[in-house]
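Chemist: Listed here are the chains, written in short residue letters.
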Amino acid sequence: MDFASIFASLRRSALGPVLIGLQVALTLAILLNVAGIVQQHVQRMRSTSGVDEANVFTLLNRWVGAPSPEQARSLVARDLAVLRATPGVLAAASTNGVPLAHRGWGTHVDTKAVDPASQGDLTRAQFYVLDEQGLEALGLHLRQGRWFTPSEAASPGQNGTGLAVLSRALADHLFPRGDALGNVVYTSSTGMTVVGIIDALQASSPGDPDLPLEVAQYSIVIPGRMAQQVLNNYIVRTRPGTLQAAMKEADRRLREADPQRVISEFKTFGETRQESYRANRALTAILVTVNLLLIVITALGVAGLASYWVAQRQRMIGVRRALGATRFDILAYFHAENLVIVGTGILLGLGLAIALNTQLVKAGVPRIETAYLWSGVLGIALTGQLAVLLPAMRAARLPPALATRSG
Amino acid sequence: MSGYFLQLALQNLKRHVWLTALIVLAISLGLGSSMTVYSVLRAMSADPIPWKSDRLLTPQIDNFGPQNRRNGEPPVMLSYRDVQAFKRDHRGIRQAGMYEIGVSVTTGDAQAAPVAAFGRATHADFFAMFDVPFLAGRPWSAAEDDARASVVVLGRALAAQLFPSGKAVGETLRVEGRDYRVVGVVGDWEPAPRFYDVGFNGGDAYGQPSSLYMPFDTAVEREIPTNASISCLVFGLNRAAFLASECVWTQYWLEVAGPADVARIRDYLQAYATEQQRSGRFTWSPVTRVYNVREWLDYMKVAPDQLRVATWVAIGFLIVCLVNSMALMLARSSRRAAEYSLRRALGASRRNLFLQGLWEALLVGVVGGAVGLLLTWAGLVALRDLVPPAIKSTTTLQPAVAALTALLSVAVTVLAGLYPAWRASRTAGALRLKSL
Chain A
1 MDFASIFASL
11 RRSALGPVLI
21 GLQVALTLAI
31 LLNVAGIVQQ
41 HVQRMRSTSG
51 VDEANVFTLL
61 NRWVGAPSPE
71 QARSLVARDL
81 AVLRATPGVL
91 AAASTNGVPL
101 AHRGWGTHVD
111 TKAVDPASQG
121 DLTRAQFYVL
131 DEQGLEALGL
141 HLRQGRWFTP
151 SEAASPGQNG
161 TGLAVLSRAL
171 ADHLFPRGDA
181 LGNVVYTSST
191 GMTVVGIIDA
201 LQASSPGDPD
211 LPLEVAQYSI
221 VIPGRMAQQV
231 LNNYIVRTRP
241 GTLQAAMKEA
251 DRRLREADPQ
261 RVISEFKTFG
271 ETRQESYRAN
281 RALTAILVTV
291 NLLLIVITAL
301 GVAGLASYWV
311 AQRQRMIGVR
321 RALGATRFDI
331 LAYFHAENLV
341 IVGTGILLGL
351 GLAIALNTQL
361 VKAGVPRIET
371 AYLWSGVLGI
381 ALTGQLAVLL
391 PAMRAARLPP
401 ALATRSG
Chain B
408 MSGYFLQLAL
418 QNLKRHVWLT
428 ALIVLAISLG
438 LGSSMTVYSV
448 LRAMSADPIP
458 WKSDRLLTPQ
468 IDNFGPQNRR
478 NGEPPVMLSY
488 RDVQAFKRDH
498 RGIRQAGMYE
508 IGVSVTTGDA
518 QAAPVAAFGR
528 ATHADFFAMF
538 DVPFLAGRPW
548 SAAEDDARAS
558 VVVLGRALAA
568 QLFPSGKAVG
578 ETLRVEGRDY
588 RVVGVVGDWE
598 PAPRFYDVGF
608 NGGDAYGQPS
618 SLYMPFDTAV
628 EREIPTNASI
638 SCLVFGLNRA
648 AFLASECVWT
658 QYWLEVAGPA
668 DVARIRDYLQ
678 AYATEQQRSG
688 RFTWSPVTRV
698 YNVREWLDYM
708 KVAPDQLRVA
718 TWVAIGFLIV
728 CLVNSMALML
738 ARSSRRAAEY
748 SLRRALGASR
758 RNLFLQGLWE
768 ALLVGVVGGA
778 VGLLLTWAGL
788 VALRDLVPPA
798 IKSTTTLQPA
808 VAALTALLSV
818 AVTVLAGLYP
828 AWRASRTAGA
838 LRLKSL
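Quick note, the sequences are listed as chains A and B, same order.
With my numbering, the residue at position 251 of the first sequence is 251, and numbering never jumps.
Just add 407 to the spot in the second sequence (first one is 1) and you have my numbering.
No wet-lab data here; the hints were simulated from the structure.
Quick caveat: nothing in here was measured; it's all calculated off a predicted structure.
Ideal placement from N, C-alpha and C gives every residue a C-beta, glycine not left out.
Any given hint could be a false lead.
[Stated by the list, open to error] Calculated cross-link-like contacts (lysine-lysine; reagent style DSS-like; alpha-carbon spacing at most 27 Å):
| hint | chain 1 | residue 1 | chain 2 | residue 2 |
| --- | --- | --- | --- | --- |
| 1 | B | K459 | B | K799 |
| 2 | A | K267 | B | K799 |
| 3 | A | K362 | B | K459 |
[Claimed, not checked] Chain A stretches covered by chain B per the calculated footprint, using a threshold of three residues with CB under 8 Å from any CB of chain B:
| hint | stretch |
| --- | --- |
| 4 | 28-38 |
| 5 | 63-77 |
| 6 | 245-252 |
| 7 | 292-299 |
| 8 | 304-316 |
| 9 | 334-345 |
| 10 | 370-382 |
[To be verified] Here are a few chain B residues that face chain A, going by a calculated C-beta distance under 10 Å:
| hint | residue |
| --- | --- |
| 11 | L420 |
| 12 | A433 |
| 13 | V522 |
| 14 | R585 |
| 15 | V627 |
| 16 | S638 |
| 17 | P711 |
If we strip away everything but chain A, and leave its shape as in the complex, we get (with noise of 0.2 Å):
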């Protein structure tokens, strides 16, 4: 290819070529720099909550006037017996916190027992308490060990019995050797017997950026009957296919036990996963719509201008066909040029995305990873060649008798 005469047309009209060149490096400037964050939201919206979403429907229930802590006890013994009688409903338990539902207790575990005095780093988890029926009524899996006896979640008092069951991100990050199982581990000064490993189970808001993906995955179950005194949330499970009846159902039941209940985010499963996620959405949304738009901008300016040179290199074009030049040559030609002027913005992208990565990633933006390095270099590269296709076979059509007029 005659690069040499490449360089020499574009030295002559050199603005349309810089200004196409630095367009081509933005584009892929930005476009690489938001790839991650798109990607570490579909990540987070994909991520597992180990609850069986499409069977599982939850509620928060509160209670009119304000019962004693017995009373509330019996009164969600009462409910739960209700809901486990509805038709289609497999399990039902009460608990402290609801996974994406933005409802939950927080808390710090660590390996040995806290004193809040001292400095380092502790790990951040979800806490969840949960009875002999929670396992089943979120349809979770367990992993290793087992859950809790109905005996051990009876025990009244959040603090339990001195057993835990972990989720299994938990488990590996605190026992990296996988000797979990049968060890200890503390939330303050309360130690608690790991008897049992789930293969996942979700914090409230996993959807939060501040929260690493993985962290929201940390959880530590204590056995308890939750039993609060004005509000409560129930986790029901029902038979596959049976979700809306048995909801349905349900809330009928609940109300005619005692009419006196205000029944609030009666929700299915999937709706929480809908609610939870919308602003992950939402950011999705705006960055996917504005990058498609822009690598259409920039296809759509690169074909602009390559038709507006073949327009104005017709002569040209004409006495290379007239002195034996091919139409391959010609399409060759005007793919060559936009090679160089695309090339040299996607050299300058690089930089220029590195240098924008390096600040932004203050900004909570993922680093660059090599492999959309790559296939943003060639994914510009390629639509460049695209954009260039149509105006330079325009050309390669041209008769050579165009080099007999002036122009």
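Assemble chain B onto chain A, guided by the hints.
Modeler: Same frame as chain A, but now just chain B:
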């Protein structure tokens, strides 16, 4: 003369209709997307109480200790004991402790199903401090605070729902099984973001508006729990131990006379913390913080950092679109070199050609701006279901944003058109004529 320029400009746009359409498309897409994202950012980072946001302060104290600091900062809520102490020390011209409550409400009608009401337990100063408008009645008094009176203030909607007859003040309703007298009804007051309680991680900044207010100490005494988060180092405390514990679950705000008093509050808070350390409550030297409304919203990242990044991405896109338009405008004008030569030869001055170029740019700018406004509006409609409900009303095409869009559009196209216009005006008279 400008009529003539306009006519010529229109003619030229028609002649290069595809190229012109491409330029308009680039400008309007760039403006449309950047202004859409900017509108959302603007709504989310709005100052909800601009007339006194620098005089409303919230204190933070490090009662969890160094192990449990958030990036070296104290917890974002306060313990009940600290709120009681701040209230007793009374260092602002107004002050109120507060926490979110969710309660069931019934009226005398035994048949009616109870209604869930979300609201706030707070001190009397809350209303005057935040300039809450009253439709009827009055706030409760400081004396009623101290007496733990059974009084409530209702939001407009809840008052209308419970008392369809229209008169709520003076009526009695049952909250959690106890009687309360309605002393006031507040009008539509829904600051967005809800600065005084943005939740544990800023996630509740657009939470539900309060529909019921009751005195802080009344609510605490009757064990009405918080409806929001509690952060504790120890779980399973009984009520008395919980109130005396370091568990954080309340907020505290105070109003000072002027920004100059902020330092005084800072000193007070540090002295208070030091005193707590001296008395043995803390075995560490506590970090204390005092934020005003804007600082607080910034610190709590109510407008998420990532939204800021998205705004920069959209502005980057706008720049790309402008560079693109400039390249295309340049292409368009140099393609017409022959025409310019002809006009020069026929006696048009350089100034005339320059002005003509500018007029064309202006025309593109106006059309691009109009389409850009349309796209901004469409973008905001598309984002409707994705923004928090509380800012739906402000996430519309605001006049200021519309004006900015129009101005930007014209300014950038004229700027982008300057060089092509200048180059066009440099065309030598007869040089290019032969190529016609």
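Chemist: For each hint, tell me whether it holds in the structure or not.
Modeler: Against the structure, the hints come out as follows:
no.: 1; hint: K459/B with K799/B; result: 24 Å, holds
no.: 2; hint: K267/A with K799/B; result: 23 Å, holds
no.: 3; hint: K362/A with K459/B; result: 31 Å, violated
no.: 4; hint: 28-38; result: holds (count 5)
no.: 5; hint: 63-77; result: holds (count 4)
no.: 6; hint: 245-252; result: violated (count 0)
no.: 7; hint: 292-299; result: holds (count 4)
no.: 8; hint: 304-316; result: holds (count 6)
no.: 9; hint: 334-345; result: violated (count 0)
no.: 10; hint: 370-382; result: violated (count 0)
no.: 11; hint: L420; result: 15 Å, violated
no.: 12; hint: A433; result: 5 Å, holds
no.: 13; hint: V522; result: 7 Å, holds
no.: 14; hint: R585; result: 8 Å, holds
no.: 15; hint: V627; result: 13 Å, violated
no.: 16; hint: S638; result: 7 Å, holds
no.: 17; hint: P711; result: 7 Å, holds
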